[in-house]
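S.K.: For this one, chain F is given, so just place chain G on it according to the hints.
Sequence order for the protein chains is F and G. For the first sequence, position 35 (counting from the first letter as 1) is numbered 35 according to the UniProt record's numbering, and the numbering increases by one without interruption. For the second sequence, position 175 (counting from the first letter as 1) is numbered 175 according to the UniProt record's numbering, and the numbering increases by one without interruption.
If you're looking for bench data, these hints aren't it; they were derived computationally from the structure. There may be inaccurate statements among the hints.
Capping the alpha-carbon separation at 25 Å, the derived lysine to any residue pairs in SDA-like fashion look like this [unchecked claim]: (1) Lys67/G x Ala350/F; (2) Lys67/G x Pro351/F; (3) Lys171/F x Ala362/G; (4) Lys235/G x Pro351/F; (5) Lys67/F x Gly66/G; (6) Lys67/G x Glu141/F; (7) Lys67/F x Glu258/G; (8) Lys301/G x Lys67/F; (9) Lys171/G x Asp354/F; (10) Lys67/G x Asp144/F; (11) Lys301/G x Asp354/F.
Protein chains: 2
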Amino acid sequence: MPEAKPDNRLVSRRGLLGGTAAAAAALSAPVAAQGDASIEWKMVTSWPKNLPGPGVTAQRIADQVGKMSGGRFRIRLYAAGELVPALGVFDAVSAGTAQMAHTASFFWQGKVPASVFFTAAPFGLLPNEHISWIEQGGGQELWDKLYAPFGIKPVMAGNTGVQMGGWYKKKLSGLEDLKGLKIRMPGLGGEVMRRLGATPVSLPPGELFQALQTGVLDATEFLGPWSDRSMGFQKAASFYYTPGFHEPNGTGEALFNETALNGLPEDLRTILLEACRAENGRALAESDWQNATSLQILQEKDGVEVVPYPDEIISALRTETKSVLEAFADSDPVSREIYESHAAARDRMAPWSDVAMRRFLAARDGSV
Amino acid sequence: MPEAKPDNRLVSRRGLLGGTAAAAAALSAPVAAQGDASIEWKMVTSWPKNLPGPGVTAQRIADQVGKMSGGRFRIRLYAAGELVPALGVFDAVSAGTAQMAHTASFFWQGKVPASVFFTAAPFGLLPNEHISWIEQGGGQELWDKLYAPFGIKPVMAGNTGVQMGGWYKKKLSGLEDLKGLKIRMPGLGGEVMRRLGATPVSLPPGELFQALQTGVLDATEFLGPWSDRSMGFQKAASFYYTPGFHEPNGTGEALFNETALNGLPEDLRTILLEACRAENGRALAESDWQNATSLQILQEKDGVEVVPYPDEIISALRTETKSVLEAFADSDPVSREIYESHAAARDRMAPWSDVAMRRFLAARDGSV
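Okay, chain F solo, but in the shape it has when bound:
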């Protein structure tokens, strides 16, 4: 585990000053107490360099930490594959190969199943509701507990917002149309679809467009209009479904090696955590703005039709989600604990979001 290095400039100056070294050391004492030794960290990420959304957030965290620390704390960012593979960042932080990572918790489902709840759960929490759960409703403590065996401390760092339901080549009339439907939808949402008769297909992002175009897939979800349009899905399918029942939130995850984090002086640790926290509002605002812009282009220029899932399908998705999540919670005690905390937060937040946000949106848009 690389530790904080002493500032080389400081060391060589001390050497140069010769006889004044003791005085210089005394003088620099309060500075060292403030963590003025120059510290360099590695941040491994699961994204290509400057990927719109999460890649930009990761770079901005590194940049802001550098600025706020006056250059005393430098974080070097490694794109996916540069130091470790995209999905190797959890193990790298656990082992101390890198002091931190920027990634998303749902990647670790194979290792720690309940990690998925810290990105999103089907019919779960919207971005602001999710932040409320983590910061006010006990979510952070459970997230900490989940990763503690790996020597990792997680925090929220950015948000890509609410997802769309996905791209379909044919319009859905009702539940019958889901039978045999070849759809890319990973995780719990895919399991819900499977129980309704669809066939979830697992494919990496780079192969999705061609698979949709050639008919290997009948449908695929990915993210929101901003990313989806850059993937070109609008050239392979015309119907863009809503809502993204399976992923109503897109919290980015910063992972810290606990020993490295605890070894930081308090000022630099606070700077690092505050830089991550600032991204929760900033990245979401950027994603929402870009999603809104791309949605308009998709509808007005690309001829895409935005379609709500038929009521019959929504209702069945909701019912199956309940039993999929219940079954999931039975897998181990910590999954049960996290599922119940998440469900309690949803039950607490939902009536307020309905009264305050949904009613306002309906009134503004003239739906009432």
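M.R.: For chain G alone, kept in the frame of chain F given last:
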């Protein structure tokens, strides 16, 4: 205007070191370049000390700046009335009596009418949409322009969330019931109500409960369930209306004296701005959580009935809002510019919020 003071400890040590002063000065140079002189600022606020929501946000900004700067930048908070009155903070920052303030932009409507848009406009932007407008849609530049004549730089710092529509002693059947209704609703929302036949009454917060109880008021808006319940309105009126058409957002405002802000070294300036930015997600999450909790208590224990405005009233409010805002925009060129930028952001964001958020909320809650 108090300037950054040199660190006294550093000065006295230099004196003590005598002959090594030159060497010491050379050594401490990079430290000084990082803004290591001890700086003290005054933050005046429009809130009682630690007022839930904005008062807590203001104190947290001061605390986080202290921690992130390792104590080099200390901000002393003054509650409303301690140094200047609640509504004297704008002038105090402009004059340099205090280097910064924590407040809300709609207080300055008498001085700069368009300032109201930087808190909320009737049928305007939800919290996340507002952040998108400010950070992505040109809102910050217009806000800067609006306050530049006063030597003030504004930024967002916290958010109290979506408001409720207000407390009514009698249920509303339709537009007829607004005629002669004595309601407390300040600003543009009050003007909309006036055009629909209501009588807006101006009263300070401390007098609202009694006025509602004795019938001086038939109705009053205030904020959301968290604050409203602490005001006791549920003991004077039984019907809690939604949506808060007049204030869908509650952005807190940090004001900086421009000379003071520009005089900060880059590290401390970045720390200060990032501490304000981190509150946008954090304070909103806290307000939403507390509002959700209080809403539940109001309904289950206090016997309050949450009632949506009748469609006829919503529709009339929307129509009148349009003409009130148009008339407002005619008052001066900068008001027109801000109105148009805000309207463009709303028109861009609304379809995305409808497709992504409203559809999800409806599906989750079983409204479809």
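S.K.: Of all the hints numbered above, which does this structure not satisfy? Sort the numbers upward.
M.R.: 1, 2, 8
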